Amino acid sequence: MSKVFKQILKEHASLLGRVAATYEANFHMRQELLQEITLAVWQALAKFKGDSSIKTYILRVAHNKAITHVAYHAKQPRNDSYCEVETPEPSKAKTTDEQLDQQRQIQQMLTHIRNMPIQTRQVVTMSMEGLSYDEIADACGISSSNAGVVLNRARKTLMESIQDAQ
Amino acid sequence: MPNNQDPLSQLWQQQEVQKPDYQALQTSWDKMRVKQKLYVFFDVLSVLVTFFIIWFNKEKLDDFTLSLMTIVLLIAIAAVFYLTWLRRFSLGWSNQNTAMYLQQLKKQLENNIKIANLSMHSGWAIIVLLVFFYAGLYIYEAFPLDQLLKKIYLTLAIHSLLLPGIWFWAKKRKQRFVKELAELNKILEL
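Heads up: the protein sequence lines correspond to chains A and B, in order.
Counting in our numbering, the first sequence runs from 1 upward without gaps.
Counting in our numbering, the second sequence runs from 1 upward without gaps.
Extracted from the complex, chain B is given alone in its bound form (with noise of 0.2 Å):
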């Protein structure tokens, strides 16, 4: 059994150690209030965004672009829900045991790379869903050509800044936890 008499435990005891810093403390843990607060904002809004252009434009929309901008809605919904669900384990887990805390981690490392693959291609269905949009403008006739040619340009100008960004990014952060699962099964079985 382990005694304070023990040399070994008086030797690790007597050990000169580094203190918190208390303020610097405060302020993390007010940066990473914000920061979940800023999560949740921004998984709502997405809904919301598109809640209220349909909300606030439905007497001005046709119905082709009503219908695409309800699945759209729908589509983020479910995304806001699977992407909570999938980061479920990051909250609040650190007062298991150390081999379910492992678990845990593990299976949320796992789940981040999803969160980041479905970054990454959200990119792709970002662009089928705009050729859908727009092939349904042209053959339905909702704009004067020339009005849907700027509006396309005007898209494409967006979208061709806009999504090489998330990709790029999406595809750093999954790069990183490929190497974080990596290097914590190495040395979980050292």
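Just chain A, with the same shape it has in the complex (with noise of 0.2 Å):
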């Protein structure tokens, strides 16, 4: 791996992390998610050409190999060595109330998002990453217009899912 790409892919590693979440409830399949999209991304960076911002091209890489997996792993029978929690080992650090509070909030995030669209979640999380509204529609080829109308149909749901969850 050369060190620019290796550099790129560390300074990218948490936001491919939160792609892989957005995909994948299970801890251990998340991780081979990430493995997965991370080596999508290191692929793809030899061809980035520099038409768009290096943060749109692998959330682009990215979220394209996402989907792929869960086309795949759909109906894969899962191994007995794949547990069914989302997280194994809780962290280990003191937790205040507002911080399991925070806790909560972004599991129902995760879990409403995993459970919307696939369009309507990428539109979503590259939000979220702070992609403008054209950056969105390049990445996920649709126009801007259209980006706007699913984002703030879906951030609605979102905020409402996570009020109630408080």
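Hints in this document: simulated from the structure, not taken from any laboratory.
These numbers were taken from a predicted model, which means no experiment stands behind them.
We treat Cβ as the ideally placed atom computed from N, Cα and C, and that holds for glycine.
Hints are not guaranteed to be accurate.
Said to hold, decoys possible - What follows is a list of derived Cβ distance ranges for each label pair:
#	chain 1	residue 1	chain 2	residue 2	range
1	A	ARG104	B	GLU110	42 to 52 Å
2	A	THR111	B	TRP85	34 to 44 Å
3	A	SER144	B	VAL17	25 to 35 Å
4	B	TYR39	A	THR96	49 to 59 Å
Join these two chains into a complex; the hints should help.
The structure is reproduced here in structure tokens:
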């Protein structure tokens, strides 16, 4: 792996982890997906021509790979070694009520996002990664106005579900 | 417009995430490259083996066998080109926009089903070719009958093991791709 590519992957590791979390609830499957996504991004980096920001490019490749993973694994029988827990080791750091509440909200948000249609899921998460409507539209292959409509609808239901969890 | 002061974005950014295993990534990368090279190697090998058999035995082979081997070589060359054409979508489309990528992904899955079908039914073609081949050898009296029968028994023994194996392997692959395509269509319809 070239040093430049390794540096880019390290800088975007958290972002890739969040993409994986969007598609997989199971801890082990999420790690597997994260590896697949990172590998796909690494392959694709050689073809990056600078037509968009590197972040938009990485997100586009990552979501594409994640969709392939979902289609492949949806009907695959899981091995016994794949436990069904979302996070096998809970954080050992001391948590306040406020932090617990925040973790609950995050879990609620992720559960809700994972139940969204693929395109909506992609639009919402890209927006939360700070991409503009134009960048989201370019990555998804839809119009900016369509991206805006999808995003506003999804955000409304997402906010409601998080408020319900409080 | 999305912004970093947005409560949803803040919540999103605060989630604990897993990190990639870079060592395992390097291993996967190396394995993938070896796999890609092996695919090309076996495709080329299938053509080269037939070619070298013809080339080094052209003096020894009778006209009928030589003609048949040449036809097999031409079919092998055509098959290699066709398979490469069907696999073309798997080569680096992940950087397209998602709408286009999904079209390519569907097309690739459809092509994978075609490749699996081709592998499944190549067994029949091999049987027809062998019958034709041995009938020709018998008619043209290329070998004494007992020698010819020995060759037929040996070929039958090898192919009765090989062909069902290929058929089951290809059938399983076809079932997997059909399921994947159905699943992809289902998740996109949601």
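**Message:** Name the hints, by number, that the structure is in violation of.
**Reply:** Hints that this structure does not satisfy do not exist here, as all of them hold.
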